[in-house]
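K.L.:
The whole structure should be built from the sequences, with the hints applied where relevant.
Chains A and B supply the protein sequences, listed in that same order. Here the first sequence stands for residues 1 to 315, where the numbers follow the numbering used here. Here the second sequence stands for residues 316 to 368, where the numbers follow the numbering used here.
Hints listed in this document are in silico derivations from the structure and should not be mistaken for laboratory results. A couple of the hints might just be wrong.
Simulated crosslink set (DSSO-like; lysine-lysine; CA at most 30 Å straight-line) [claimed, not checked]:
1. LYS282/A / LYS362/B
2. LYS272/A / LYS364/B
3. LYS362/B / LYS272/A
4. LYS110/A / LYS272/A
5. LYS282/A / LYS365/B
6. LYS282/A / LYS353/B
7. LYS29/A / LYS138/A
8. LYS93/A / LYS20/A
9. LYS29/A / LYS134/A
10. LYS353/B / LYS185/A
11. LYS235/A / LYS362/B
12. LYS143/A / LYS29/A
13. LYS194/A / LYS342/B
14. LYS272/A / LYS134/A
Simulated coverage check for chain B against chain A, where a stretch passes if three residues somewhere in it have a Cβ under 8 Å from a Cβ of chain A [said to hold, decoys possible]:
15. 330-336
16. 350-364
Counterexamples of contact, computed for chain B against chain A with all Cβ distances above 12 Å [as the list claims (entries may be wrong)]:
17. ALA340
18. THR341
19. VAL344
20. VAL347
Using N, Cα and C, we set each Cβ at its ideal position, and we do this for glycine too.
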Amino acid sequence: MDTYTEKIRSIAGSLLKEGKVDRVIGYKKGSIPMATNPFAARTVEQARELVFNSTCVMNLANYITDSSETIAVAAKGCDSRNIVTHIVENKIKRDQVYIIGVPCSGMVDKRRIIEEFGSDLTEFSENGDEISVKSLDKEEVLKKQDYLRDCCTTCIKPNPVVYDELAGELVPEPEVKNRFASVEKIEAMDPDEKYQYFTDLTADCIRCYACRNACPICYCPTCFVDESGPQWVGKGQNETDIQTFHFLRAFHCAGRCTDCGACEEACPMGIKVREFTKKLNKDTSELFGWDAGLDQTKRPPLDTYSPEDPDDFIK
Amino acid sequence: MGNLIEHIGIERERIHFSWISSAEATKFVDVVKDITEKVRALGPNEKFKKIYN
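P.N.:
Shown next as structure tokens:
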């Protein structure tokens, strides 16, 4: 991963020096262990602050929309798929974005590690497939593969789908056996169990909308939850209003979500927001043979009409 | 949409989608009758319901 950091810094440095781009979006070291922040470098000096490691969990495609500037982005597989979605949805032009492709070996599940260590982490470092974590109580070397985020274990595109330059060798494409196993588990429940499951899932939601703000495809100028005329959904802590928010946000992401996991990373309450979006990913995959962000020439399936539409009510 | 509603635990038979032209009055009647029967069989919905105090 350190080689990635060096490479990203040198690419970013020369792009800024030559004036090819106005800013380079990447990650910089956060203020606590196991944290990186999205960061826009505008000068060669700032480019030296860029880093890349297994804690670069946020989706950088979120920071490139609605700009007249030329922007370089360090993009993992998922970020690159969201850049494709932005290009398809006219949020940025392809020639406006310089994609520094970062082949990804998965990001580490910080929440799980903190839970297992039981106290604040004091140090985190990685060396190839191993990560060493130190907390106030203990110090351990762990296998990175065993501590990947859930969305990384079912990732179909760790390599960027589109790039102008690579920051490292492409990684082998994984064979994911059943990426929708978690959805199938819920599908097997009866209606009452399902409803109870989702009621419990969203019970802790404080409606901070961090999931929405971290999501690259949630870019509406006024989100339906913020609208006051008409007011689509109540703004308080009412259980049904909370469920409506999660339910509708997920539906707006249908056929556009790349399962990057930024929503869950951003959630301060640890709500598994992807339990909603994953179902829609499964549906679009099964009904339309579609996975978001793979093709710059095709509109998302819910955005187009085809005579082959699998739903028969519309024919 | 129907699939997602079903996924969070609302019975599939409660949700109906149909394409009816303004000239298809009889089709409209048939669809509404069909919906009413199916929903009546399920009984009142107690889920995803906002209660005002």
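K.L.:
Does each hint fit the structure? Answer for all of them.
P.N.:
Now for the hints, and whether the structure bears them out:
no., hint, verdict
1, LYS282/A / LYS362/B, "holds (24 Å)"
2, LYS272/A / LYS364/B, "holds (22 Å)"
3, LYS362/B / LYS272/A, "holds (21 Å)"
4, LYS110/A / LYS272/A, "holds (14 Å)"
5, LYS282/A / LYS365/B, "holds (29 Å)"
6, LYS282/A / LYS353/B, "holds (27 Å)"
7, LYS29/A / LYS138/A, "holds (23 Å)"
8, LYS93/A / LYS20/A, "holds (15 Å)"
9, LYS29/A / LYS134/A, "holds (17 Å)"
10, LYS353/B / LYS185/A, "holds (27 Å)"
11, LYS235/A / LYS362/B, "holds (19 Å)"
12, LYS143/A / LYS29/A, "holds (22 Å)"
13, LYS194/A / LYS342/B, "violated (34 Å)"
14, LYS272/A / LYS134/A, "holds (26 Å)"
15, 330-336, "holds (count 3)"
16, 350-364, "holds (count 3)"
17, ALA340, "holds (18 Å)"
18, THR341, "holds (17 Å)"
19, VAL344, "holds (17 Å)"
20, VAL347, "holds (14 Å)"
In this structure, only the earlier hint numbered 13 is contradicted, and the remaining ones agree with it.
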